[in-house]
Amino acid sequence: MTSPALNERRKLDRLQLVALAGLMCLGVAFVYSATVASQAASTLPWYDQSWVRQMVWYALGLGAGAALCLVDYHTLARWSLVAYGATLFFLVIVLIPHIGSMRFGARRWIDLGFFQFQPSEFAKLAFILAMANFLSRPAEELRQPAVFWKGIGLMLLPFGLILKEPDMGSALVLVPTGLVMMFVAGTPKSFLLRSMGVAGILGALLLADVLFAPPALQIKMLEYQRQRLLVYFGADFAARNATLEQKADARRLQADRSYQVQQALISVGSGGLWGAGWCQGKQTSLQFMPQGAAHNDFIFSVIAEEEGFVGSVVVLTLYAVVLFTGLRIAGQARDRLGKLVAVGVVTLLFSHVFINIGMNIRIVPVTGIPLPLLSYGGSSVLCSLIALGLMQNVHIHRRGY
Amino acid sequence: MLILDELKKNDPQLRLVAGMLAAGLFILLAGLWWVQVVSAREYQGHLETQSYRTVRLPAMRGKILDREGRVLAENRPSYNLSLYLDDLRKQFKMASDAEYARATNARARFIAAQEKQLGRPLTKAEEKRFAFTTGQMEQLRGQARYRVASALVSQVGQELGQPLTLDPAKFARDYETRLAMPYTVIPDASPEQVARFEEQITGSPGADVDLQPVRSYPLGTTAAHLLGYLQRDDDSQAGEDPDFNYRLPDYRGVTGIEWGFDSWLRGRAGGESMLVNNLGYYQTNDVWSAPEPGHNVVLTIDLDLQRAAEESLLSHQGPDARAAIVVMDVQTGDVLAMVSAPEINPDYLANDPKFLSDPKLRPEMNRATQQNYAPGSIFKPIVGLAALEAGLNPDALVDNPGYVYVGRRHIADLAPPGQYNFRSAIIESCNTYFITVGLRAGIENVVRMAGKFHLGERTGLPTRQETTGIFPALKQVQSPDWRDGDSANICIGQGEMAVTPIQMAVAYAAIANGGTIFWPRLVERIEPQDPASGGTTTNFPSGLVRGNIGVSGRSLKILRDAMLAETVEGTGQPAQVPGLQICGKTGTAQVMNERNQEVDRTTWFASFAPYEHPRYAVVVMVESGTFGGPTCAPIAHDIYAEILKKENAPAPAALAEAN
Chain A
1 MTSPALNERR KLDRLQLVAL AGLMCLGVAF VYSATVASQA ASTLPWYDQS WVRQMVWYAL
61 GLGAGAALCL VDYHTLARWS LVAYGATLFF LVIVLIPHIG SMRFGARRWI DLGFFQFQPS
121 EFAKLAFILA MANFLSRPAE ELRQPAVFWK GIGLMLLPFG LILKEPDMGS ALVLVPTGLV
181 MMFVAGTPKS FLLRSMGVAG ILGALLLADV LFAPPALQIK MLEYQRQRLL VYFGADFAAR
241 NATLEQKADA RRLQADRSYQ VQQALISVGS GGLWGAGWCQ GKQTSLQFMP QGAAHNDFIF
301 SVIAEEEGFV GSVVVLTLYA VVLFTGLRIA GQARDRLGKL VAVGVVTLLF SHVFINIGMN
361 IRIVPVTGIP LPLLSYGGSS VLCSLIALGL MQNVHIHRRG Y
Chain B
1001 MLILDELKKN DPQLRLVAGM LAAGLFILLA GLWWVQVVSA REYQGHLETQ SYRTVRLPAM
1061 RGKILDREGR VLAENRPSYN LSLYLDDLRK QFKMASDAEY ARATNARARF IAAQEKQLGR
1121 PLTKAEEKRF AFTTGQMEQL RGQARYRVAS ALVSQVGQEL GQPLTLDPAK FARDYETRLA
1181 MPYTVIPDAS PEQVARFEEQ ITGSPGADVD LQPVRSYPLG TTAAHLLGYL QRDDDSQAGE
1241 DPDFNYRLPD YRGVTGIEWG FDSWLRGRAG GESMLVNNLG YYQTNDVWSA PEPGHNVVLT
1301 IDLDLQRAAE ESLLSHQGPD ARAAIVVMDV QTGDVLAMVS APEINPDYLA NDPKFLSDPK
1361 LRPEMNRATQ QNYAPGSIFK PIVGLAALEA GLNPDALVDN PGYVYVGRRH IADLAPPGQY
1421 NFRSAIIESC NTYFITVGLR AGIENVVRMA GKFHLGERTG LPTRQETTGI FPALKQVQSP
1481 DWRDGDSANI CIGQGEMAVT PIQMAVAYAA IANGGTIFWP RLVERIEPQD PASGGTTTNF
1541 PSGLVRGNIG VSGRSLKILR DAMLAETVEG TGQPAQVPGL QICGKTGTAQ VMNERNQEVD
1601 RTTWFASFAP YEHPRYAVVV MVESGTFGGP TCAPIAHDIY AEILKKENAP APAALAEAN
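Order-wise, the sequence lines are chains A and B.
Read in order, the letters of the first sequence are residues 1 to 401 in the working numbering.
Read in order, the letters of the second sequence are residues 1001 to 1659 in the working numbering.
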């Protein structure tokens, strides 16, 4: 794979790979712990169990990431628009009733039998490449408003499609990624500040509407999305003029919806300093943490309960290493394209980490965002490893020919 | 360091990005610190609250024994045939799934029928109307559970040969509130039922036998009033944890010894914690505080005398008699027997409520201590003592024409007309004599003497149910409203006075033992149930002296001789027991209505024996009897016969020790 002559230039960023390995080990260990209560005792053969499948995805992902490193990222960038277009295409067809499979009220996956293909994950990567490619034009061009709006458009297309699925979390991470990439590329700060201001006002209006507006004026939003926001703010589910019975119903519903967040908090908090021990977590074994959530979106709460604050710090440290080595790669990249790709990947991963862990400790409302490499899920693992492959790619090819 | 390097770079934008990254990670770190370290205990508490249930374990109640250690109240195991719902979880799930499948099929068919009718497929909005709400889903699951449990219950019923049904409302409520505890189907099953159950059912999941202790009174209604009864009370006692999720059945005493010594008998409840899962099903348990068993209470009662008294009363007066008997040890004040008739069943709920509320029988009342009665002639010895102490010559004669006038009041005398001295007045119970000498001695002296006997005051028993009796105070008899007629009544034990049988027993014991008024002792000691456990025994001192009547030995001898003659020659003859010298006094008190007509009689026989060295006092009171002699004395006779038998029989304990 590597030609001896170019060996010294094509050194991989070892530190990042070590941190990666650490995260992958944790991933397998805790997917195991989260599912052992329900699966190990059941009749599933070992090769069908979640932790084994996670390892398979790791292997596949590493393979894909390594394959990508063979090709200079400039070549990849030339195909970025094609990739971008392809993911847009998949994002559209996943919305079509019989192609995209409906689960829990959302159409996000295309069922390929052995693999649940989630277009939004790949769309994020394609977006980063396409955006990096777009932004790597000369800096003066970026000062033109037209270019700025085209960049925003590049971001809003997948944003809108993903939002339609609906998958608010995945759509949301596109925004900081895009904005940070634009910032690093050299877009004038005023443009960015103004658009952030507008986005902020829109966001506040939306929140005000969800929390305070009477039913007639409420923006059309899926019920569970509204409820998640209400749960986060601890607001009453019932309308102001509801009857006593409706209020009682609403309170019950509120208890149900707050349940998951409350259980996550209890999991995390009861871990204390050292945690309960691997596979000793009560929340999963007693099924207070709902089965479906424990091993993907809320995997962090399992780690937090079983390894305590010490474990949480280890996880944060591993992510910090990955992210900051990514920034180092960005700094050492030989051109703006490489820098932007690295920064984009770093921001994307960081957004995932911040929102997911924040969700587990209730500083962020619940959104269905996986924790990169630790959550169970083929698409998420593949894309995380491909993204890291891109970063390594930038690092390997940091010296010109 | 990696992070610091990034923050110090030349590239301002990357620097800003690095800074934001660091800030974001720091926020997460701070948040995790807050949740996992600062609030850890609070969340640990939440975890325990939702996954642990505490159960209060009542302690084994102490027994109540007689002075020789024979059991009056104890505990027996009761076997409850119960369902253990966590064993049925799998069946519940299967049944729920089946119900749900059935319901979805029904719904699909209904939708198909609608579509056929309309001729077009239903829109999403219309279909939504037929969606199952969470309420309906829960109802489905509840029905499925009920079906499974009900099938098991009727299977049990079939095996036991009796039809059994499961109350759906109770089952649902129990599932909501007490899921982790066993659900009782047949409480307190008979041994036969348990045997059949063990044969046929045990081993199949979900049903098993659950053991609880229950109070039992092996001697039936014997000493029922003394023992008292229990009521269900699951509350935490002082010094125990106030919060428990579940409480096993516990009881507290309401009256009698069960009430008076309740905290000793009860011991201290313990606790265990059960681990439950998110649905509330039981997983494991762990006893963190073992219950401390209660202490046994040893009474001064002698079961032989108690039973003899009760049987004698029953055979002479029948089951509807309203009566009281007290037997006391005159040298120590120990209560050897206390009977109140009609008896109730200490297993309170086994009593017929109509019987309990009968206004005439009033069976719940302890007639030996709780009811006021006119003493009638049995008060005359006290009047006599007052007169003797005031200087009466016992040989002086008083003329009895068969009546006496006090002022303008005519008081009849049942003693045959003639001349009476002290001795014959006691023998024949002559009203005229005692009124005469009483008035001559002065009512104040009589009142003072009665005061020394502590009439009109409680005797201080540790159980509830005691009344003070009535006796006029000195001030009252000195007031101008007090007439000679009232004094005359007092002299014959009628009018403005009333006593309880226990007061009379204490009084006659004083006459017997030379003048000491004791505090009657009911409980001898409190000891731990298991002698090997190392608990402490509390002894209650016997012979606690309350006072002394301060009467000369000479007066007492005169009185005692007269009372001996009373049983030999006088109205007390039916009490005679060959081989025992008994001193006694009969009494027949009239109960008057407002118009001073006799509506009822209270008959008495108060006595002590043996004459030479008195040891026992026996007081018998029967409501609505004929006369003290024929009604009450024969019962005393039976009791003394039993006493004599015991005195003469070799002590079995002594024999065993000698061997």
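Rather than coming from a laboratory, the hints here were simulated on the basis of the structure.
C-beta: ideal position from N, C-alpha, C; glycine also.
Take the hints with a grain of salt, since some may be wrong.
[Unchecked claim] To spell it out: a stretch of chain B is covered by chain A in this simulated footprint if at least three of its residues, at any positions, have a beta carbon under 8 Å from a beta carbon of chain A; those stretches are: (1) 1012-1019; (2) 1271-1280; (3) 1286-1294.
Here is how each hint holds up against the structure:
1. 1012-1019: holds (count 5)
2. 1271-1280: holds (count 5)
3. 1286-1294: violated (count 0)
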